[in-house]
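Chains as they are written, first to last, in my numbering: chain A, 62 to 272; chain B, 62 to 272.
Treat the hints as calculated values from the structure; they're not laboratory data. It is possible that some hints are incorrect.
The list treats identical chains as interchangeable, and a pair is accepted whether it falls inside one copy or across any two copies.
No more than 27 angstroms apart at the CA atoms, straight line, and that leaves these computed lysine-lysine pairs for DSS-like [claimed, not checked]:
#: 1; residue 1: K172; residue 2: K77
#: 2; residue 1: K152; residue 2: K172
#: 3; residue 1: K194; residue 2: K172
#: 4; residue 1: K172; residue 2: K127
2 protein chains.
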Amino acid sequence: MANNEFEYVRPEEIEKRSFEIITKELEEQGIVLTGDKSPVIKRVIHTSADFSYAESLIFSPDAVKKARDLIRDGAWIVTDTNMALSGINKKRLAMYGGEARCFMAEEDVAKEARERGVTRATVSMEYAAKLDKRIIFAIGNAPTALITLNQLIKDKVFIPDFIIGVPVGFVNVVYSKELIINGNVPYIVNRGRKGGSNIAAAICNALLYGM
Amino acid sequence: MANNEFEYVRPEEIEKRSFEIITKELEEQGIVLTGDKSPVIKRVIHTSADFSYAESLIFSPDAVKKARDLIRDGAWIVTDTNMALSGINKKRLAMYGGEARCFMAEEDVAKEARERGVTRATVSMEYAAKLDKRIIFAIGNAPTALITLNQLIKDKVFIPDFIIGVPVGFVNVVYSKELIINGNVPYIVNRGRKGGSNIAAAICNALLYGM
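So here's chain A without its partners, still in its complex pose (with noise of 0.2 angstroms):
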């Protein structure tokens, strides 16, 4: 369990140190994750210090494999969030062709959903919807986000590529990733209340360091 002694690790180290402890408690949980979802979850506990992602995030089939071959193809990454847009390997995406946006903080974005009523994270799904590209949505924030993205998709009017569905929270963000995992669009998404713009990152980055 965790202690208050200190460990000398090179800096270089600390993150494999990391990993090694969260692999060995799993174990010591009973859980063993195998396949390419392994890599993935053990990121968000190396975020978080949550060993609950391990049961609670949910995988479309072939969800690793298929954000992997987006990204190849040179995907977008759109996400929520500043904070998300920020922890995300922008460097390692662009070895790709890919970049990452994040439209929140838009003057347009703000005064439409001003005068509409909406939240700004519907308005920026609808711009990013209109973008001419492959996107993989990192939503961490905002269950309007997923909301807006699943009425795109009822309405026919967009088909996301791929949504990676963690958004934090207590107003609909529960029932905002049911809609994704009930859903046709391959996905990430973690069950339940937690989440976070640093889940969202954290996804994107195992799903980039992975490659």
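Got chain A sorted already, so can you dock chain B onto it with the hints?
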């Protein structure tokens, strides 16, 4: 508990509704928060959907008042990740004359860290210590940032004005936080392994929004 039904809440009311749910569920758990710690703890739960923070966030005497006095005096906030920097309400901080900074991605910092075999967080803290500013350190990632600050204090090189110590992880994280709890600098620390850049930013914003 978390439910799967849609609840219509107007965009500008979502945060208020979330805090109502958090307050109610804390009470159901027998936890009634009072005083100026309450909005800080609730904002951290809002950011993480993790109620365990109600027990693990530790405040030095009058911590919230002291941090707000510093902000009012134009103190800067120095973070150990650009992600935390990205999450802090910098406009609000600027109202009091303060600025938020992160030195982690600067080339000089990376170069010096490599040469000395220390982390970039260590070099970043030493760099910040040389600024002629009052500083609130908001550490959400690197235990070596806290270990370095503690060393600077012990060596009488520099005394930080305030430390938000919420690194997350598995290698020396618990240890580094206990150093701050056992020191003489005012702090808000999350005891244990949990924390993160999002938690650091949420604490800064709770301080700013309550002023």
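Tested hints:
In this assembly of identical chains, K172 and K77 lie within 27 angstroms of each other by CA distance solely across copies; the values are 22 angstroms between and 45 angstroms within a copy. In this assembly of identical chains, K152 and K172 lie within 27 angstroms of each other by CA distance solely across copies; the values are 18 angstroms between and 31 angstroms within a copy. In this assembly of identical chains, K194 and K172 lie within 27 angstroms of each other by CA distance solely inside one copy; the values are 24 angstroms within and 37 angstroms between copies. Taking the shortest alpha-carbon separations for K172 and K127, neither the intra-copy value of 35 angstroms nor the inter-copy value of 37 angstroms comes in at or below 27 angstroms.
In terms of the numbered hints stated before, the structure departs from hint 4 and from no other.
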